[in-house]
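Using the numbering used here, read the sequence shown as starting at 66 and increasing by one per residue.
Check the hints yourself; a few may be wrong.
[Stated by the list, open to error] Below 20 Å or equal to it, Euclidean Cα-Cα: the simulated EDC-like pairs (lysine to aspartate or glutamate) are:
id	residue 1	residue 2
1	K116	D180
2	K117	E169
3	K155	D188
No lab work stands behind these hints, which were simulated from the structure alone. Since this is a predicted model, take the numbers as computed values, not measurements.
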Amino acid sequence: MERILHRFIRLALLWVALLVPSSGCVGMASFLLYAWKGNTVPAKFENLVEKKVAVVCVSDTNMYTSELATGVSVILAQKVPDIEVIPQSKIYEWLDSNEWEELEYQTLGEGVGADMILAIELDSFRLYEGQTMYKGRAHVSLSVHDVAEDGKVVFSSLPTEHIFPINAAYATTDMSEDRFRKQFILSLAQAISRNFYAFDVQEQFAADRTLVAP
66 MERILHRFIR LALLWVALLV PSSGCVGMAS FLLYAWKGNT VPAKFENLVE KKVAVVCVSD
126 TNMYTSELAT GVSVILAQKV PDIEVIPQSK IYEWLDSNEW EELEYQTLGE GVGADMILAI
186 ELDSFRLYEG QTMYKGRAHV SLSVHDVAED GKVVFSSLPT EHIFPINAAY ATTDMSEDRF
246 RKQFILSLAQ AISRNFYAFD VQEQFAADRT LVAP
């Protein structure tokens with residue numbers, strides 16, 4: 066059964082690859098190449114290993130920053146070797162006791178005893194496509210700040226849009242908003258976290274097929 070699944074995934078990936086224009090989408094082509102070969106995609110930034118890391122999500126308008134930061138923290142703790150993730154409760158306790166200006170990540174890092182700050186900037190977040198369908202969309206940008214180097218940015222990513230699910234939308238009659246929101250945030254947290262650990266593309270494709278089940 067596993068061989069059949071892998072063969073199906075490879076054929077699907079080949080079909081998608083044929084749709085990628087030769088003039089662009091280099092990142093997508095590289096991703097598909099890893100998937101076709103069944104290789105592990107390396108982490109974009111590996112230096113969270115053996116570090117004390119605080120995950121902070123900031124947004125001007127969104128109320129789900131806490132859920133997203135918690136989701137990313139849990140995944141990193143599971144996937145990154147020898148990482149020590151600072152509990153969100155400790156971060157919020159420090160924030161409540163101090164006047165913290167956003168982007169002063171070095172001050173925050175020193176306050177909670179972190180080596181690195183993973184900053185997630187959530188620029189937009191929505192759950193609906195029209196009035197009767199769920200389709201999650203979020204724009205996020207990432208930066209990692211080295212506390213020992215005065216908060217120097219040691220990794221960053223340009224703002225990207227995360228869509229869930231990619232090729233469909235789900236009727237609001239199929240599930241509650243709360244359930245869909247939690248699964249969308251899980252999908253977004255997984256996408257963010259995969260920047261920091263190696264992962265198998267075929268396993269990820271298989272997992273993505275079951276993230277939403279009415």
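Evaluation of the provided hints:
1. At roughly 6 Å between alpha-carbon atoms, K116 and D180 fall within 20 Å of each other, so this suggested pair holds.
2. Between K117 and E169 the CA atoms are separated by roughly 18 Å; this keeps the pair inside 20 Å, and the hint holds.
3. For the hint linking K155 to D188, the alpha-carbon distance of about 25 Å lies beyond 20 Å, and the restraint is violated.
Going down the numbered hints, you'll see the structure goes against just number 3.
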